[in-house]
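**Q** Sequence:
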Amino acid sequence: MSPGQEQLGWAPRVMEVLGVLTRLLAVQALWVLGAAAGALVLGVLPASVAAARVLRDAPRGLWRGFWGTWWAELRRAHLVAGLPLLLALAAVLNLLLVVPLVTGPAGPVLLVATTVFGVAGLLSTVCAVVVAARIPDAGAVAALRLAVLMPWISPGKALLLGVICTAAVLLAVTAPPVALLLGLSATLMVSTAVLEPVLEPVLESVLDPASGLPPGTESASAQDDEQIPLRSSPRRVSLRAPAPV
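Converting from the sequence shown to the numbering used here requires adding 60 to each position, the first position being numbered 1.
Hint data in this document are derived by calculation from the structure and do not stem from the laboratory. Ideal Cβ positions, reconstructed from N, Cα and C, are used throughout, including at glycine. One should not assume that every hint holds.
Simulated DEER-style distance windows between Cβ atoms [as the list claims (entries may be wrong)]:
no.: 1; residue 1: 234; residue 2: 102; range: 26 to 34 angstroms
no.: 2; residue 1: 250; residue 2: 166; range: 34 to 42 angstroms
no.: 3; residue 1: 81; residue 2: 163; range: 22 to 30 angstroms
no.: 4; residue 1: 172; residue 2: 117; range: 34 to 42 angstroms
no.: 5; residue 1: 169; residue 2: 131; range: 21 to 29 angstroms
Could you put the whole structure together from the sequences, leaning on the hints where they help?
**A** This is the structure we're talking about:
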C-alpha cells in the first residue's frame, strides 16, 4: 500500500464497496425494466442474461450494453434457460397446490421428489443464464447442454450455488424490498463468481480455439462472410474484362 493510500485509511475500501453497491442497484433497476419490457413472461430470461453479462464484462455504458444484450438474447435466452425455469416453476406449483392435498406415506415422498426437481431446475436455470452470458455466440443447444452438465462437473460448486439460491429465495420471502433492490443482481454476481472457475477450463477444452465456439457451430458473422462471396461471385465475374483474342 502506498503512503498516500495509508493516509486515506479505509476510505478507498469504502468507495470501492459503494461503487459495487451502486452498480448492483443500477443493474437491478435495468433488470426490472427489461422484465417489464417483455411483459414478465418474455422479459425475465433475456433481462437476466443481459444483467449477468454487464455485471461480468463491466462495460462503461450499462444502459447501452444491457439493452443491446437484451434484444440480442430475446430468443436464445428462452431456448437455453426456458426449460429449466419451467421445471422449477412446475415444482413450485406442485408444492403449493398438490403436495398439501396428498395424505399418507405418499406425501413426504412427493414433497422430497418435488423439492429435488425444483432445486435442480433452479440450479440449471442459474447455470443456463451464466453460460448464455459467458458464450454469446454459442448455439442454444450447446449452451443448454453445458448448463445442465455444470452441476455434475463440480458438485461442490453446485452445492454452494444451491446455498446461494436458497438464500436469495429466503431474502425474497422475508425482505421483499431488499430483494427488489439487490436480490437478483447480487445473486447473479455471486453465482458468476462461483461458476467462472469451473466454466473456464471446460470452455478451454470444449471450444474451438480458432473461433471460440463449440465444435460444429458458427457465429452469424462467419456465416454471413461465407454467404457474401456466393452472392457476389456472379456479379464479380460479369464485371471482368473479356480475355484478349
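**Q** Does each hint hold? Answer for all of them.
**A** We went through each hint and held it up to the structure:
1. 234 with 102: 26 to 34 angstroms: Given about 29 angstroms between the Cβ atoms, the range holds.
2. 250 with 166: 34 to 42 angstroms: holds (37 angstroms)
3. 81 with 163: 22 to 30 angstroms: Given a distance of about 48 angstroms, which is not inside 22 to 30 angstroms, the answer is violated.
4. 172 with 117: 34 to 42 angstroms: holds (40 angstroms)
5. 169 with 131: 21 to 29 angstroms: Since the Cβ atoms of residue 169 and residue 131 sit about 45 angstroms apart, the hinted range of 21 to 29 angstroms is violated.
Hints 3 and 5 from the list above are not met by this structure, while the remaining hints are.
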